[in-house]
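Novice: Sequence:
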Amino acid sequence: MLTRAEFFRALTGIGAILRFRPDAFGFFDTTLNGFWKSFWAAAFAAPVWLLLVIRHMSAAQSEAPLRYLSLQTIAYAISWLAFPLLMVRISRFLDRSERYFSYMVAYNWFQMAQSIAWIPVLFFADNANGTPSEAIRFLWLVINGALFAYGWFIARRGLQIPGGNALALVLIDFLLGLIIDGVTDSLAQ
1085 MLTRAEFFRA LTGIGAILRF RPDAFGFFDT TLNGFWKSFW AAAFAAPVWL
1135 LLVIRHMSAA QSEAPLRYLS LQTIAYAISW LAFPLLMVRI SRFLDRSERY
1185 FSYMVAYNWF QMAQSIAWIP VLFFADNANG TPSEAIRFLW LVINGALFAY
1235 GWFIARRGLQ IPGGNALALV LIDFLLGLII DGVTDSLAQ
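Take 1085 as the starting number for the sequence shown in the working numbering and just add one per residue.
If you are wondering where the hints come from, they were derived from the structure by calculation, not from laboratory data.
Every residue gets a Cβ at the ideal spot worked out from N, C-alpha and C, and that includes glycine.
A couple of the hints might just be wrong.
Unchecked claim - Pairwise CB distance ranges (calculated): (1) GLY1229 x LEU1134: 23 to 31 Å; (2) ASP1179 x PHE1232: 21 to 29 Å; (3) LEU1116 x ILE1138: 17 to 25 Å; (4) PHE1092 x GLY1248: 32 to 40 Å; (5) PRO1131 x ASP1265: 33 to 41 Å; (6) SER1270 x LEU1095: 13 to 21 Å.
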């Protein structure tokens, strides 16, 4: 079970990542036990995810909401498991297996900050009558740009790899998310 002290240390680590501090990884429990506890971030990020799912539910999908929500819930679980599993192989390939927990624990906890970053888009999109405005599109680009930068920092510092490799990992993560979303959307039709 995650203790309050562990949770607040993880929040401190997230805050340090948000300031690009190299010592950010020292706030996380980078043991096997800490790795498993970092998946608590999925529970903390779930409310924002649920708001996004409901917001994107089309009229057709709202006719069978249980099916749609079930598919989205399965996709949420897969998205939390797919990248860490893929990273086992990639970290071996990069000869960084010893840094796997350092990277993945920070990555998992940072997903809470990532989910919070999308709240302004939800708020402004709700006020746009379903049609994204230029401001919302711009906000989407800014948020994605910032999240790419943080993802790069987490990969570079967490795995202690060159910047190009870190960028490749961010792109792999992004593409994996697009694939999971695309498959889920096609099943939800």
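Novice: Next, verify each hint and record whether it holds.
Specialist: Tested hints:
The given range of 23 to 31 Å is respected by GLY1229 and LEU1134, whose C-beta atoms sit roughly 25 Å from each other. Under the hint 21 to 29 Å, the C-beta atoms of ASP1179 and PHE1232, about 24 Å apart, fit the expected range. Range check, LEU1116 to ILE1138: about 35 Å between beta-carbon atoms, so the 17 to 25 Å window is missed. Look at PHE1092 against GLY1248: about 35 Å separates their beta carbons, and that is inside 32 to 40 Å.
For PRO1131 and ASP1265, the hinted distance range of 33 to 41 Å is not satisfied, since their beta carbons lie about 19 Å from each other. Between SER1270 and LEU1095 the beta carbon distance is about 37 Å. The supplied range of 13 to 21 Å is therefore violated.
Figure legend: structure checked against the earlier numbered hints; hints not met, in rising order: 3, 5, 6.
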